[in-house]
Amino acid sequence: MSSSDEIKKERGRWEKAMLAKNPVAPTKTTSGMELDVVYTPSELEDFDYLRDLGFPGEFPFTRGVYPTMYRGNLWSMRQYAGFADAEESNRRFKYLLEQGQTGLSVAFDLPTQMGFDSDNPMVRADVGRVGVAVDTLRDMEILFDGIPLDKITTSFTINATAAIILAMYLAVAEKQGVPMDKVGGTLQNEILKEYIARGTFIFPPRPSLRLVVDIIDFCKDRIPRMNTINFSGYHVREAGSNAIQEAAYCLSSASTYVEEVLKRGIDIDDFAPRIAFHLIVGLDFFEEIAKIRAARRLWARIAKERFKAKNPRSMMLRLFCGSSAREATVREPLNNIIRATIDMMGIVFAGAQSASILSYDEAYTIPTEESALISLRTQQIIGYEIGITKVVDPLGGSYYLENLTNRMEKEIKALIDEIDAAGGMLRCIETGKIQMDVLKNAYEIEKKKQSGETVIVGVNKFVDEQKQDEEIVLTKIDPGLAEKQIERVRRVKAERDNQKVEKVLKVLKEKAMDTENLIPSIQEAVKAYATVGEICDTLREIFGEHQESVVL
Amino acid sequence: MIRVLMGKPGLDGHDKGAKTVAMALKDAGMEVIYTGRRQSVDQIISTAIQEGVDIIGLSILSGVHLEIAKELMAKMKGKGIEGIPVVVGGVIPQKDIPLLKSIGVKEVFPVGSTFEEIVKGIRRIVNKE
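These protein sequence lines map, in sequence, to chains X and B.
So in our numbering, spot 446 of the first sequence is number 446, and the numbers just go up one at a time.
Position in the second sequence (from 1) plus 552 gives the number in our numbering.
Looking at chain X on its own, in the form it has when it is part of the complex (with noise of 0.2 Å):
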């Protein structure tokens, strides 16, 4: 067997005779990680299997968070989808647990995720159209109308108003008689992110971090199948952040929330076990591989040494993931097709356990119900069809990949320690640096694609003249439906008991000014049936509205 030093010698000299002669020009991750021409051992000198690797379902849990991984189950497929209002939703609900799902994915309208009733005017052309619009407990009541809470878990992608969400969703649970314990789900609940990209928060980042605390702190004992946060770094990603950044920024995040439950006392293993990342995987394919690996083990170890957790579990990035969005096309949307696929399989080797694929026509509109299927299919295709699913971290071992996976590690250790020392995460995103940050580039990368650094293929390379001004068909969202919610929610306030709505708002408004958690006051609002644009606005007179710091 060949000793290192003589792998080293010999490589030494294939350099000299034969790269020498075969000269390349150098070239770099889309992170800017420069790659050799080939691995080798001798590029894996620091390595350490048992250290670095170990086994799946153990620590440091590189190779995958559970032993056997998808020669047990396969991931979820969670394909993310609004539709307009709730009767829809729930017609649309029951048919998919027919088919046999049994996870449901919400997705809400943007006044709903941003504190607005659908019958205010600043916000009429947005009522129902990117998901479903929720203004009371009444529209939950729809939403699940003969769904029994207690036989599925739901999905909300809902952060400022996810405490309404929730108290919604627990009081129909109530009414149907599941008891709590029951009750199961995941709120996405990550605040920090939507400042630096996705947007719809309502509050300044400080009293919505006690918001999000609250949420977790409320429902450890009382709701213990509920996922109450998900570690977002998908939309800073999208944002233009480049793979380190998202990594970084995600784990600085999750650390920033941990240290906030940490201080009101609970232990990091009653709560940790619970929550999930989200990530994304993009073209780069080894990178993005990478870059799981090397997070799952970051975490792994920032959770045992920083965090002090005991139980393997609170160690464990639980990853939910997504296909990347920002490098689907407008022209020739079908090659999105297999823009997706492959994002799929890489999701697959990064070993994530549920998964949400771009569809075609994502990159202008809201997916047709046939695009929508297709995502579906190609998850289903990649799981049931291709073999890379009946081995654990199959790319694992790979010179290339376990040098590659070093090196993200450290670079995005590197960049976690910077935030650390410029004053944290919350500090970073108050004085705008992130933002500005991952606006850099987002440029850089706009630029390289419009130089034709970045080949897009049908867009700055092959492309295909009389494809140019191929029309893009936009869904069309039915007007009468803004209509049809704006009536109700003027029917329920109608008809609710009015006084009792002044009562539990006022009580909402002094716990608010207090520290006290404010779940139970939000339940009590909630089934009161005031509306989130009114829970949100008592919330606002205490809080205050966050103002973007507007840097460029």
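Since the hints were derived computationally from the structure, they do not count as laboratory data.
Not one of these hints is a red herring.
Residues from chain B that keep clear of chain X, each with C-beta distances beyond 10 Å, as calculated:
no.	residue
1	R555
2	I633
3	I677
Taking lysine to aspartate or glutamate and the EDC-like style, the derived pairs with C-alpha atoms no more than 20 Å apart in a straight line are:
no.	chain 1	residue 1	chain 2	residue 2
4	X	K447	B	D579
5	B	K578	X	E444
6	X	K263	X	D217
7	X	K448	B	E668
8	B	K647	X	E465
9	B	K647	X	E332
10	B	K647	X	E470
11	B	K653	X	E471
12	X	K476	B	E619
13	X	K449	B	E669
All of these numbers come straight from a predicted model, not from anything done at the bench.
Beta carbons: idealized from backbone N, C-alpha and C, even for Gly.
Following the hints, complete the assembly by docking chain B onto the known chain X.
Frame of chain X; chain B shown alone:
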């Protein structure tokens, strides 16, 4: 120096396009005021008046470009600032471009427009006005 107001009307938070275009305009020597996300048409108009801008650019990705443009044009007229040229960028189907122009939008930069095209277009429009 050309002063540009970059507006992001409506609730949609996807402002990478608005901000990267703003950076490109700055690099081209223009002064850019970005309103931030979630602005009403009234807020955009009052910023345009306060800042005395030469041109207004709207970034719209959520499909509501026709409604927003109509509202903006009518309200600008109401304030007597219909002389400030307006351009629109974002996810705009080809068939909507003539419609936008017929209500007074000077130029449309759909997804895929380059920074160079946008810079040149804005210079051309402002210098002509």
